[in-house]
Structure formats: structure tokens, C-alpha cells
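Engineer: Sequence:
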Amino acid sequence: MDSDLDELRAPLNPVHPDDGSRTLRIIEAGNFDVNGYLEQDIATCRLRIKGMTCTSCAESIENALMMVDGVKRAVVGITIGEAKVLFDSSLINEDRVLEAVDDAGFDVELINSADEGNKVHVKLDEVNFEDMITIRTSLENAVGVNLVEMDFSQQKVTISYEPDQTGPRFLIQCIEEAAQGLRTYNASLYLPPRRRDIEQLEEIRTHRNLFLLSCLFSVPVVLLMVLPMLPPYGEWLDYMVYNMLTVGMLLKWILCTPVQFIVGWRFYVGSYYALRQKSANMDVLVALGTNAAYFYSVYIVIKAFASKYFQGEDFFETSAMLISFILLGKYLEVIAKGKTSDALAKLARLAPDTSCLLTLDDNNNILAEVEIDTQMLQRNDVIKIVPGAKVPVDGIVIHGQSHVNESTITGESRPTIKKPGDKVVSGTVNENGCLFVKATHVGADTTLSQIVQLVESAQLSRASAQKLADQISKFFVPAVVVVAFLTWLGWLICGEAGIYPKHWIPKGMDEFELALQFGISVLVIACPCALGLATPTAVMVASGKGASLGVLIKGASALENAYKVKTVVFDKTGTLTLGRPKVVSVVLFSNFSMAELCHVAMAIESNSKHPLANAVVQHAKKVQQKYGFSAERPGHVENFAVFPGTGVGGKVDSKFLALVGNRRLMRANNIRMGTEVDRYIADNEHKAQTCILVAINGRVAGGFGVNDPPKPGAKAVISYLRSKGISSIMVTGDNRFTAAALARDLGIDDVLSEVDPIGKANKIKALKMTGDIVAMVGDGVNDSPALAASDIGIAIGAGTDIAIEAADIVLMRSNIEDVVTAIDLSRQTTYRIWFNYIWALGYNIIVVPIAAGILYPFTGTRLPPWLAGACMAASSVSVVCSSLLLKCFKRPLNFQSII
86 MDSDLDELRA PLNPVHPDDG SRTLRIIEAG NFDVNGYLEQ DIATCRLRIK
136 GMTCTSCAES IENALMMVDG VKRAVVGITI GEAKVLFDSS LINEDRVLEA
186 VDDAGFDVEL INSADEGNKV HVKLDEVNFE DMITIRTSLE NAVGVNLVEM
236 DFSQQKVTIS YEPDQTGPRF LIQCIEEAAQ GLRTYNASLY LPPRRRDIEQ
286 LEEIRTHRNL FLLSCLFSVP VVLLMVLPML PPYGEWLDYM VYNMLTVGML
336 LKWILCTPVQ FIVGWRFYVG SYYALRQKSA NMDVLVALGT NAAYFYSVYI
386 VIKAFASKYF QGEDFFETSA MLISFILLGK YLEVIAKGKT SDALAKLARL
436 APDTSCLLTL DDNNNILAEV EIDTQMLQRN DVIKIVPGAK VPVDGIVIHG
486 QSHVNESTIT GESRPTIKKP GDKVVSGTVN ENGCLFVKAT HVGADTTLSQ
536 IVQLVESAQL SRASAQKLAD QISKFFVPAV VVVAFLTWLG WLICGEAGIY
586 PKHWIPKGMD EFELALQFGI SVLVIACPCA LGLATPTAVM VASGKGASLG
636 VLIKGASALE NAYKVKTVVF DKTGTLTLGR PKVVSVVLFS NFSMAELCHV
686 AMAIESNSKH PLANAVVQHA KKVQQKYGFS AERPGHVENF AVFPGTGVGG
736 KVDSKFLALV GNRRLMRANN IRMGTEVDRY IADNEHKAQT CILVAINGRV
786 AGGFGVNDPP KPGAKAVISY LRSKGISSIM VTGDNRFTAA ALARDLGIDD
836 VLSEVDPIGK ANKIKALKMT GDIVAMVGDG VNDSPALAAS DIGIAIGAGT
886 DIAIEAADIV LMRSNIEDVV TAIDLSRQTT YRIWFNYIWA LGYNIIVVPI
936 AAGILYPFTG TRLPPWLAGA CMAASSVSVV CSSLLLKCFK RPLNFQSII
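Count along the sequence shown starting at 1, add 85, and that's the number in this note's numbering.
Some hints here could point you the wrong way.
Listed next, with one range per pair, are the computed distances between beta-carbon atoms [to be verified]: (1) 797 - 757: 39 to 49 Å; (2) 305 - 151: 40 to 50 Å; (3) 692 - 556: 48 to 58 Å; (4) 274 - 445: 17 to 27 Å; (5) 934 - 353: 25 to 35 Å; (6) 575 - 151: 53 to 63 Å; (7) 570 - 363: 14 to 24 Å; (8) 183 - 392: 51 to 61 Å; (9) 739 - 760: 24 to 34 Å; (10) 975 - 284: 25 to 35 Å; (11) 472 - 183: 47 to 57 Å; (12) 222 - 274: 13 to 23 Å; (13) 856 - 772: 33 to 43 Å.
Hints were generated in silico from the structure; no laboratory data involved. We put the beta carbon where it would ideally sit given N, CA and C, even for glycine.
Please work from the sequences and hints to get the whole structure.
Structural biologist: In C-alpha cells, the structure reads:
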């Protein structure tokens, strides 16, 4: 019989349907997984980069990296200050990648993979250098330790470890054992702040200090401008030092010079590296504008010093005030950008600082109870969670029952009941009962940590709309420089030729100086930063907002394109239905007993993770217990086989050759089904129930009628999608009658039934051939090929890891209504991105002509350079604030009324 079963067994090979678009999306998301695998010599590294100010900076870094032989791809995220680089490790190493970024003029450091893994941080007090070397050697020899980093000056130790092999308490024990015999010794855990939080605070502090330093000199310069208007307080400023050089002119020169060359040094550095890379950014515009004003003013000072009759107006206040306003704008911008990651920061802080660790005997009686730091928890620890306390790590309930509020993770406001065997997630809140939880995932492996890492990875990805800003930025700065030069030249020629009347020229100026001010205003009012921030800030806020609602979006491409979906393909079991099917009827068709039928079915289905299989197993256990058989020890199964889309098979207890599955599985293996079987199948199908047949030794022994009711919100989702012009299709491996009955109840017109995983993927490909954007919603292993083949793969969070890995969007609540949430969030985000672009471009289109003096002949209105600089700074801040409005996103009101 074994040979017979081998003939029936279908090979279940991994399927990776890919038309190229999936690969591109993976690369855009920063995963760089090409066609599902990594080549042997291909490596990736993450970089932390400081000093980026606009999209031109990011483009310069990418260009510098791509010029390095061996770099395959580079993605730079300006809002989070990081980059991911794909390179050929046989040609270059990470040091060469770092060198390329450093040569581009930016501070860079490598983000070690250990930085994102499980780590424990220990502070050692009063331990000398030799003792710390002893401790490090002991730790490096410990099982499961990946890396030991020691800060000898601060006496701190950071240990990266494998949670499957060791844990924080064991590592602390290693330190204590190595430190035995030392004269003095004290070790304590400490939790360092998140690196990104530190850098954000440093950036805010740096811009604040630069602005204050600039004000220290700029405010007196402004006062020197105002005092001459308030006689007699400013008369002393007109005192001649030598020839026509006045005290006021000399003081402004002295005060402005530190602003220009000390505070403004960053603009010189940024301009130098940008021009060296044959590109231009905001630093170039600021440097040109401030230098023009400063050095022309120096020329005025020199001429006044050298001549008794020369008269001219200096622009020192233009240079100083311009730099001050730009720095104020950058200061406000970094503060606003910091708020875009508030959602992630809140998620990262959800886990409690301490936990109650239990020591239990074999009967789950408490032997000891101690409160320890959450960092000290290890896998398989048993912790006690009292009412009102937060769950510190992921685990499984082993004792007690309670309701747990998971809204912080999934966005679901209704508490979920938890009993022994149920999973709990870190960061959630236990409401009314006491739970004993066995830790399964700790540290960086918890759901909370994984969510943060996933969203951070999504924020690094680049939306296709960003390409527009990248293209514009290539020509933006050179175009502005040309326009500024033509503005200066046009006004100068018109003035010298007497085309406009002399009374247009303000008192104390001449034609050259008026033209120069117009030219400088054009230089500094144009803002490439606003364009560069339009997309990444919106993506950052939206991805964080989605995470807080239980919708994890893995990349900017999915976030940007989900609203374009015209067809949504739904899996049936666990997606449109509750995924908790129950057996409602059992029938015998042969001489086998009910106990034998259930014994065989339970043995075979215990090897499958399909929800229908679980329903059969649970019912079979009850029947076994009824007949006095052990339900905890299913029969021994040999040669277990999976037949995709139809069922499973194997040999039970070396005597029962069994097949468990649908009618197609029976027909494919030439197993006769009589009238009685057909009648039973038809009766179940009429009731929208699934019929699972069990064949033993070539005969149909019995059948199970399984009911899996639709999810409460499924019908409302289908109705809402139809109202938005989005068609819904159900694709399932179930029989066509059961599928059609469920589709009628939900209002789905198009149904494709009795298809295997490859058939689902082929259906997705066929739909994509029409040119429409297709989304696939599924939860099982058999859905992963279709999820990968679709334009937008949406996985139900309670589904399998393979399905979640293949998807672009994960619905953490396993709530079908969140399909609408994801699509509408995409729509709102894309709207916000394009609004930002229109605002940024419209701003430049409107204000550049005003700065060039187009209104001056008619209204006498002109923008002094310092005011133009303030307007430029305000444009960047306004774009960031516009993106922050996505924090107010809510589910569509008309959809809320439906459900």
C-alpha cells in the first residue's frame, strides 16, 4: 500500500510566481530579496547618515554609492537618516561603502545587525581594565553569545545573544562568576535610550544652539539698523572712523562675520560636497545668496575706507538675518519631523519596565515570586500578570482567565478573552483576571519589537511619487541660479539704461544694489527642501498611524498604490469567514465504526494546519473521549502527503491507507462515491457547509459536515468596495456549491472555486493582464503564491507566517474591515503627498516672480532677502505640518455607518 500512496502523493514544491513587479517592490522596501533568494556574494548593510537637509542630499549619497564598483542598489531615507545598500561582497566590503558616503561629505556609521537583535546592557562599577578583560573573555566563551561590546571608559558591557540558547539572567550569572574574587564589584542593568531618539534630540539641540548663536550677533545688527531711525540714540553710529567708513558700518561688519563664517560654515561644507558630486542643493543657494550680500558689503566697507567721497549702502544685515531665519526654519522643521515618528515611539514604550517572575513546581504551584527587570526575562519563563498590568513579552497563557485589551497593538477597542492555550502579546493590558503566562518571544523577537522594525523598514522605502521630486531637484537649483542671475542682470540693465524712473530706487541704494537685492531674494526664497519632504514625511506619518490602527504597511509602494486597486480577490476560509469552523454533522458510509473513523481522521488531520483540519481534530477528540479512547495520542502516521487544494493523506498505524479531503481528492484517486455520499455532499453544499470525506483503504468511510460562518463585517466590506467601484472576487479551494452559497450571502458576484494555490496565483495573473491593480486578501500557506503574485498582497494577521511574509499589508486585528482602512489610508496619504507637491511647487511658482520684483513696478512691493529667507524656511515647515495632519486619519464615516 505504501507504493500506492506514493503514486497518489503530489509533490508540494514552493511556488514563487513573479512577473517582476513583486521583485521591484521587495527591493524598494529595502529587502533586496531577488526572485526569492539572495545570491551567495550579495550582501546588504544599513547605514546611519547625518547632515542630510533635502532630497538633493539623498540623491547625492545614492549617486556616490552607485558610482562604487560592486554596489548594486542604494536606498536613502532622508526622514529617518538611514540608508540600505546592496553590494557584491566579492568586490567590495562595508568599509568601502562607508568611505563613499564619507567622501560625499556626510557623517556615516554602520548599523550592525547586532544592533537590532536581542541585547542586554550591563553597568559595572569599580571594575578595573584587567577585570573587564576577564569578564569579556568569559562572556565570549558563553553559549549563544554573538557579540560582546565593552565601553571601558563608562564601564558598560553590551551583549548580543541568541534567545534560543541563552538569556539575560544566564549572562549576568556569567559576569558574576567571572568577577568572583574581585575586591569590589557591582553589576546592574541599564536601558539605553533608542539611538534614533538620541540623534533626534542631538539634531534639535544642534539647530537650536546654532540659531541662538546666530541671534546673539544678528539681533545687535538689527538694532544697528533701527537706532538711526530714533535720533538722538543712533547719531553716534554715523561718526566717521576714517574717510567715509562709519562706526555703524564697522560694527555691522564685526557682528556679521561670525554669523557668516562660523554659524554659516555648514552651508559652505554642504555646498562644497554637493558641487564635488556635480549636484546642487539648498546649501548652494544659501551660500550664494549670503556670500553675495556679505562680500558686496565688504566691498562697500573697503571703498568707504579708501575714499573720502564714496557713498554706498551695505547689506550686512541681509546676510546675518538670512542665516538666522533659515536656521530657525530648520530648527522648527526638525521638531516637526520628530513628531512624525510619535506613533512608533509610543509603541516602543508600551512594554512595562518590570515583570513578576514565578517559579512553579510540576503541579503549577508557586514556589517563588520575584519582581525583576523586563530585560531579564528569558524564553520559557513563567510570569504573573495581575489585573491592570501590561504584558511584558509575547507568551502563552498556562493558567487563569481574563480579558486583555489589545487596542495598543491591533487597534481593536473590545477586550479579548484569554484562557489557557491562548497567545498574549507584549504591550497589551490585562483587565480583570490574573494570568500565568509562559514567555515564547522576548526582547527584539516580540510582536511589539517586530512591528516597530517593520514600520521603520517601510519608512526607509521610497514611493514612486518621490521620483518626481528627484527629477525636479536635479534641475531645480541650477534653474534658480540662472533665474537669479537673469533677475539681477535684467534690473541692472534696466536701471543703467534709465528704463525705470529713479524714484523706484530706495534711499541709500543705487541701480546695482537694487538689482543685487532682487537677485539674492530669488536665490534664497526658492526651496528644494519642501519638495524633498513632501513624500517621505507623509509616508512616515501614515505608516505610523497605520501601525497604531493595526494595519502594518511594509513599504511606501503599497501605501501609495493600495487606493488604485480596482479588483480585490478574497480567500474564503479565515478571510471572509471566521476561520473557526465547527463540525455540525458526521455520517458513516461503510462498515467502519465511528471510533475508527474519528481515530483515522484525527491522526491524519493532526498533521495539517488548515482551519478545517483543526475542526475535524477537535470534534474527533470529543468522539474519542465519548467512546473511552485516548484523545491525546493520535495514531501513528507514515508517508503523510499534502494534496494542494484537495486534502491530505497518509498511512495510519501501518494498516489504514487514508485520504481526507473533498470530492475532487476522491475522484482524483478513483474512489467510488455512491448515491448516499453524493446526497450528503449536496445537502451540506445547500447549507453553505463544507463536506470533508474520509476514505480508508480505498472506500469512503464517512464524512464530516463543517460550518464556517462569515465574518460579521464581510458583507459591509463587499458593499462598500462596490460603492467605490471596486469589484470583489472570491477564490477558494472549496467546492463550487458551498462557495456559491457563501458568495450569495455576502453579495459577491464572481466566484472561482475548487482551485489549488497555483490556480489562485494564475487567476491573479489573468486579472492583472487587464491592466487593473489587483489586491489579494488571504491568510494561509496556500494563499502565499497569490499574495506574492498580486499588486497588493493583504494578509490577515492571524494567518500563517508564510502568508504574512508574502504580503505587502498585514491586518493585525484579523478584521476584514481593515481592508477598507488600508485602502482609505492609502487614498488619504496619496492625496496628502500630492497636496504637498502642489503646495511646494505652487509656492515656488508664485513667490519666485514676486522675489524677482514682478510686482514692484505696479505696487512698490518687494521682498528683502531676509524676508525671502523666512518665507523659504516657512515652506519646509508647512509641508511637514501638512503631513502631520495624517495623524487625524479615521475610518471613512460612510463605512462606519454601514457596519
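Engineer: The hint says 48 to 58 Å between residue 692 and residue 556; measuring C-beta to C-beta, is that right?
Structural biologist: holds (55 Å)
Engineer: Confirm or reject the claim that residue 274 and residue 445 have a C-beta distance inside 17 to 27 Å.
Structural biologist: Given range 17 to 27 Å: holds, Cβ gap about 24 Å.
Engineer: Take the C-beta atom of residue 222 and the C-beta atom of residue 274, compute their distance, and say whether it sits inside 13 to 23 Å.
Structural biologist: The hinted range 13 to 23 Å holds for residue 222 and residue 274, with Cβ atoms some 21 Å apart.
Engineer: I want to verify a distance hint. Is the separation of the beta carbons of residue 575 and residue 151 within 53 to 63 Å?
Structural biologist: Violated, at about 39 Å.
Engineer: Hint says 40 to 50 Å; check whether the CB-CB distance for residue 305 and residue 151 agrees.
Structural biologist: holds (47 Å)
Engineer: That 14 to 24 Å hint for residue 570 and residue 363 (C-beta), does it hold up?
Structural biologist: Cβ of residue 570 to Cβ of residue 363: about 19 Å, so the range 14 to 24 Å holds.
Engineer: Tell me if the beta carbons of residue 856 and residue 772 are separated by a distance inside 33 to 43 Å.
Structural biologist: Given range 33 to 43 Å: holds, Cβ gap about 39 Å.
Engineer: Quick check: does the Cβ-Cβ distance between residue 739 and residue 760 fall within 24 to 34 Å?
Structural biologist: holds (33 Å)
Engineer: Taking the beta carbons of residue 934 and residue 353, is their distance inside 25 to 35 Å?
Structural biologist: Between residue 934 and residue 353, where Cβ atoms are some 29 Å apart, the hint holds.
Engineer: Please check whether residue 797 and residue 757 have a Cβ separation lying inside 39 to 49 Å.
Structural biologist: Cβ of residue 797 to Cβ of residue 757: about 41 Å, so the range 39 to 49 Å holds.
Engineer: Check the following: the C-beta atoms of residue 975 and residue 284 are separated by a distance inside 25 to 35 Å.
Structural biologist: Since residue 975 and residue 284 have Cβ atoms about 32 Å apart, the given range 25 to 35 Å holds.
Engineer: Taking the beta carbons of residue 183 and residue 392, is their distance inside 51 to 61 Å?
Structural biologist: Because 54 Å falls inside the window, the suggested range holds.
Checked against the numbered hints given earlier, this structure breaks only hint 6.
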